[in-house]
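Novice: Single-letter residue listing:
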Amino acid sequence: MDNAFGLLPPAASADAARLDPLILFLICVSGFMSLLIAATIVAFAVRYRRQARVNRSINAQANHGWLEATFITVPALVMAVMFAWGTHLYLGAVQAPADALQINVLGKQWMWKFQHPQGQREINELHVPVDRAVRLKMISEDVIHDLYVPAFRVKHDVVPGRYSTLWFTPTRAGEYHLFCSQYCGSKHSEMVGRVVVMSQSDYAGWLAGKTSNLTPQESGKRLYAQYRCGSCHKTLPEIGTCPPLEGIYNQRVPLADGTTVIADEAYLRESIVRPQAKIVAGYGKEPMPPFEGVLTEEGILDLIAYIKSLSPNVEKAAP
Amino acid sequence: MTSPTSQASTSHTQSHSATGHLPPVAMQFDDALQQHDACRLGMWLFLSTELMLFGGLFLAYTIFRIAHADVFAEASQHVAPGWATVMTALLLTSSLTMALAVQAVRDGLHRRATVCLLLTMLLGGGFIGIKLHEYHSLYAEHLAPLFGWPFGYSGQQDASLAKMFFVLYFFMTGLHALHMVIGISLLCWIMVAMIRKRDARRWSTAAEMVGLYWHFVDLVWVFLFPLLYLIRPDKWF
Amino acid sequence: MSGHSTRPYFVVYALLMVLLALTVGAATQDFQAWNFPIAMLIATVKAGLILVIFMHLRESSALTWLFASAALVWLAIMLGLSLNDYLFRMG
Amino acid sequence: MTEAIVPPEHHYLNDGYSARSWLLTTDHKRIAVLYLLTITFFFAVGGVAATIIRLELLTPAGDLVQSETYNKLFSIHGIIMVFFFLLPVIPSVLGNFLVPIMIGARDLAFPKLNLASWYVFWIGGLFTLWAVVVGGVDTGWTFYTPFSSVYTNTYVIATAAGVMIAGFSSIFTGLNFIVTIHKMRAPGLTWFRLPLFIWSMYATSVIMVLGTPVLAITLTLLALERLTHVGVFDPKIGGDPLLFQHLFWFYSHPAVYIMVLPAMGVVSELVTCFSRKKIFGYKAIAYSSMAIALFGFLVWGHHMFVSGQSVYAAVVFSMLSFLVALPSAVKVFNWTATLYKGSITFNTPLLYALGFIGLFTIGGLTGLFLATLAADVHLHDTYFVIAHFHYIMVGGTVMAYLGGLHFWWPKITGRMYPEVWARLSAIGIFIGFNLTFFPQYILGLQGMPRRYHVYPEEFQVLNVLSSAGASILAVAYAFPITYLLWSLKYGAIAPANPWNAVGLEWETTSPPPTHNFIEQPVVDHEAYNYAAPAQDSPQPIALESTAS
Ligand code: HEA
Ligand code: HEA
Ligand code: CUA
Ligand SMILES: [Cu+2]
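Residue numbers (the numbering used here), protein chains in the order written: chain A, 1 to 319; chain B, 1 to 237; chain C, 1 to 91; chain D, 1 to 548.
The following block holds chain A by itself, in its conformation from the complex (with noise of 0.2 Å):
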C-alpha cells in the first residue's frame, strides 16, 4: 500500500513514508464529507418532492443555535487535526540533520546542475545514495524554478538571488522523476530528469567510476586565485586592510553598525556579490569590490565551499 492504491506514486523517501497517511486521512475525511452532503441532498431532494405527501410541519419558533454551533465545530475540528498533523510534518521536515550529503543545485533555463561534495558534477540527473539525508543547496541562475520529486514528495521553489534548502533521506533504490514545477517560461515541461537512488555501495562505485572533476572547493580555490581574492584576504596572522577568511563560517561577525551576523552561507554569497551590504567592523575603507555579475552563481558555490573548507572544526558547530 506503499502507493495509496495507485492515487500516489511510489513512496521512495522517508517523508514520503510519513506524508502519505495523512493524504490518506485527507481523502477519507473529504470523500466521507461530500459524500454525507451529497446523499443528504438527495434524500431530501427526493422526499421532500413537491409531490410527495410528507409531513412538512416545521416549528418556526424553534431555534437552531445549537445546530449552527455544530456546523462549526464539527469541521473545525476536523480542521484541527489537518492543521496540526499537517504543520506538524512540516516543522519537522525543515532542518536537514548536520551530517547530510550536501548537493549543490543550481537551476537555469532549462536545466538542472548538479555538483556532489567530490566533485561529479552532472545535468538533469541526479544520483543518490539511499538511506542517507541528502541536503540540497539550490540557487537559481535566472527566474524562479522549482525542483520536484513526487516519489520523495519533497519540492522547493529555486529563486535566484538567494540559497533554498531542501532535503530528503532515499529509502527505496530505484529511478524516478525530477520535475521543474514552477513556470520558469517556454521549456518549463523539458526541464525534467531523474533522481537515481543507488544502495550505498552502488553509489559509491558511481562516484568512483565517474570522471572526478574538480571538486567545489578546489574550483573554489582557483577562482580565489583567479580573482586575486587573496591580495586582500591575507592569510593569519598577516593582517591587512580587510578581514582573514579562516574559521569564520558559522561564527558570529561584528559589523561596523555595531550588529553582528553569523556566517552562514547566505551571509557567506552576499559578502561576496554585494560586499558593502554588510561591513565587517573596523574594514571597509578600501572598500572590497562587488562581484555581482562577475562570478557565475556555480562559480560563488564553489567559493563558499573553499571559505567553508579553510573553517574545518567549525562546520557543525552552528551557535
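Source of the hints: derived by calculation from the structure; they are not laboratory data.
Treat the hints with care, since some could be wrong.
[As the list claims (entries may be wrong)] In silico PhoX-like links for lysine-lysine, alpha-carbon gap of 20 Å or less:
1. Lys-285/A x Lys-234/A
2. Lys-221/A x Lys-234/A
3. Lys-221/A x Lys-187/A
4. Lys-163/B x Lys-236/D
5. Lys-210/A x Lys-113/A
6. Lys-236/D x Lys-108/A
Computed from a predicted structure; not experimentally measured.
Starting from the known structure of chain A, arrange chains B, C and D with the ligands on it as the hints suggest.
Specialist: Just chains B, C and D with the ligands, lined up with the frame of chain A:
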C-alpha cells in the same frame, strides 16, 4: 431626469440646516440629503482605494528599509530635507485654504471661494515646482535611476542597494505628484465655475469631494515626508 | 457642515505647523531606537488632525468613521502578515 | 390561470431602440445586458483556449502546438477567464441588474460611474485582446517575477495594463454597490430583511474596493520594472521576487472570494425559492459572507508555502486558511438544511444550485488538502491545484451563474427559456465537468506538474479522459447559449413572477419598467417569507403570488 420624487415615507428627514445649499437631486435619489450622503460615502470609499494603492508601495518601502536600514539612512542624505520641509509647509497651508474654499462655496461666496481655490492651486503648484527642481538636481547628480539614465552613487553603502532607495523615492513621490496634478485640475474645474458665477449651491458637493481628495493627498505626504527625507539610521532588531 | 465658523481650521493649521517644526526638530536629534516611532507618531497626529477637522470626520456619522478606518485596518493586515514573513526568514 | 399573460406595455427594453439609447444608457438594467454580452464573448475566448489546451494534452508529446504557443494559451486562458469572465460575471451581470431592484431603488447611486465601468472594462479588454493578437503573453495568469519583468519577450506590459484597467471597472462596480446598499434601500428594508444575494454582493464589493488597488499598483510596478529596468522585484538589482508574490496574492487570494461569494448569494436565492421555504440560518449565512470578506485577506501566503517564505509565516497562513474555510462550511450546511421539509421542484435553476453545492464542497475540501502544509509541499503546482480551483470556479461559480441566469432570465428578457432543454444541458454540464476535472485530481496526486506542455507517458490515460470530458463540456455549454438566444423570440411570455417567488424583483413587471417600480415599494417583512408548505399534500404549482 432630475425631478425629485418626494417620499413621504422615507426615513430621511429634511431637517438639516444645510439642505438649502445642496445641488439638485438626481433621479435615483429620494432627496438632496440622501444624495449628499451617498456622494460622501462614495468619496470616502474611493479614498480607501487610494490608500491601498499607495499601500503596495508602503509595503515595498517597509521591507527594504528594514533589510537595509543603513543604506536608506545614508541615501536619504542626498534628497533635500530643507526643501521638503518647505514643501510640507506649502501643502499644509494649501489644506487650510482648501478647507476655507469648501466653506466659501457652501456659503455661496463666489469671490472668496475663487481666491481660496486660487491660493490652493498656487500652493500646490509651488509644491510641484520644488518637486521638479528636486527631481532635476537628483538627475544632475546621477541619482535618478530611471529610463536608463546614468546612475552613480558615491557613499559608504552599496550602490545597488542605494539605488533601491531612489527607485522607491521616485515611485512614491511620483505617484503622489501625479495625484497632486489631478487635484490641481479638479480645483481648476471648480474655480472656473466660481469665476463664471455659477450657482454655488450646485457646486457645493463637488467642492466638498475635491476638498476631501486634496486633504487626502496632503495626508499621504505627511507620511512620505518623514519616511523619505528624515531617515535616521534606526536599529530595531 | 454645522457651525460655519472657520476658526477651527486656523487652529488646526497652527497645530500642524507646530508639529511640522517638531518633526524636523526631532530629526536632528538621535533617539536611537525611538527615531522612527517618534517620526511616525507625529505624522499620525498630523494625519489625525487633517482627518478630523479638515476632512470633517468630527461632524460625520459612525459609518463615515468606519469607512475611513477600513483601509487602515486593511493596510495593517498587509504590512503585518508580510512582515510575518520578512522578519522571520532564515538565511 | 388560463388567461393569457400579457407583457407590460412599457419596460426598460422598449424604452428606445437606438444604438445611442444602449451605448449611453445609465440604466443599470441595460448596462447589465451590455455586460452579459461582453462577458459571454470573453467566456468563449477563454473557452477556445481551454479547448486547444485539452486537445494538446491528449498526447504526451507536444505535437499540436509548440511549447511557446501552449504557454501563451494557458496564460491567456487564465487571464481572460479570471479577470474578464469570472470576476465580473455575477456582480456585473446579475448584480447590476438585481441590486437596485432587490432593494427597491430606482437605480444605483452613481449610474454614470456604472456606465463608465463598462467602458473601462472594454478598454482593459481591448488592451489584453490586442496583446493576444499581436503575439500573446506567456507568464501564466500569476505574472511571477523575474520571469515576467525581465526574461520573457512577450507582451506583458499591454496585458498587465489591460488587467489593471479592468480592475478599475471592478472598483467602480464595488463602490457603487456599497453606497447603494447603504443609502438607497426601500423604506422598511432593514439590513436583516435584505435578500442574501445583497449581503453577498456587499461582501464582494468590500473585497473589490479594498483589494483591487493593490493589484493595480503591483502590476504597475511590474510594468515599470520591465520598462525602465529598475524596480523592486528583480534580485539582480537588489529586489525581492517574493515581494511580488506577496503583493499579487494579497489581491488574488481575496479575488477568489470575489468569484465565489456572488455565486453563494445566487445559490441562497435559488435554494429557498425552489424549496418554498424560508432559508435556514439566514443570519449565519449573512455573517459568514462578511467573515469570508474579512478573513479572505488573511490567508494569501498559502500560495507560497514552498516559495521560501519564513516557516513561521507558513504556519500562520496555514492556520488562517482553515479559519476562512469555516464560514463556507456553515453555508453548505445551511443550504442543505433548507431543503429539509421543503416542497421541492426540480426546475433548472435548482439543478444548477444543487450542482454548485456538491462541486463546491469537493473543490473546497480539496482546498483543505492544499492548506495543510505538508500536503501542499507535494501538491503545490500540480494538477491537483488545477482540479481544486476548476471545481470551485467552473463547477461552483459558473454553475451558480447559469442557475441565476435561468432563474432571472424571465425577469431580464420577459421570456421563459425551454425547460426540458435547460434541464438536459444542466445535467450534461455536470457530467462533462466531472469527467474533465476529476481525473485531474488523480493526476495531481500522482505528481503531474501544471503548465506542462509535454508530460510523461504514464499520465496519458487520465489526460485522455479529461479531454473527453472537456469536449462534452464544450458542447453542453453551447446548448444554453443557443436556446437562450432562441427564447428571446420564441420563448413563452414570462409572467411577473413565474416561480412564485418572494422578493422585490418579483413584484415588478417582467421586464421591469425603466425606473424599476411603478410605485415605491415598502417592505414590512423579512426575506423569504414563503407561506409554510401545506402538510401531507402535494403542492399545486400555481402562478398566484404568495407575497402579500
Ligand atoms: C473561487 C475560487 C476559489 C475558492 C473559493 C477557493 C477556496 C479555497 N482555497 Fe483555493 N485556489 C483557487 C481558487 C479558489 N480557492 C485558485 C484559482 C488557486 C490556484 C492559483 C494558482 O496558483 O494559479 C487556488 C489555490 C489554493 C491553494 C494554493 C495551492 C498551491 O498552489 O499550492 C490553497 C492552499 O491553501 C488553497 C486553499 C483554499 C481553501 C482552504 C479554500 C476554502 O475557502 C474552501 C472552503 C470550503 C470548504 C472547506 C467546503 C465546504 C465545507 C464543508 C462541506 C464542511 C465540511 C468540512 C469538514 C468537516 C472539514 N487554494
Ligand atoms: C476562471 C475561470 C476558468 C474557467 C471557466 C475555466 C474553464 C476551463 N479550463 Fe481552466 N484555468 C483557469 C480558469 C478557468 N478555467 C485558470 C486561472 C488556469 C490557470 C492558468 C495558469 O496556469 O496561469 C486554468 C488552467 C487550465 C488548465 C491547465 C493548463 C496547464 O496548467 O497546463 C486546463 C487543462 O485542462 C484547463 C482546462 C479548462 C477547461 C477544459 C475549461 C472548460 O470549463 C471551458 C469550457 C468552455 C468553453 C469550451 C467555451 C464555451 C463554449 C462555447 C462558446 C461553445 C462553442 C465552443 C467550442 C465548441 C470550442 N484550465
Ligand atoms: Cu524551470 Cu520550470
Ligand atoms: Cu488562495
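Novice: All the hints need checking, so say for each whether the structure fits it.
Specialist: Here is what the structure says about each hint:
1. Lys-285/A x Lys-234/A: Status holds; Cα separation ~16 Å.
2. Lys-221/A x Lys-234/A: 14 Å, holds
3. Lys-221/A x Lys-187/A: Judged against 20 Å, a Cα distance of about 35 Å means the pair is violated.
4. Lys-163/B x Lys-236/D: 12 Å, holds
5. Lys-210/A x Lys-113/A: 15 Å, holds
6. Lys-236/D x Lys-108/A: 14 Å, holds
Of the numbered hints given earlier, the model fails hint 3 alone.
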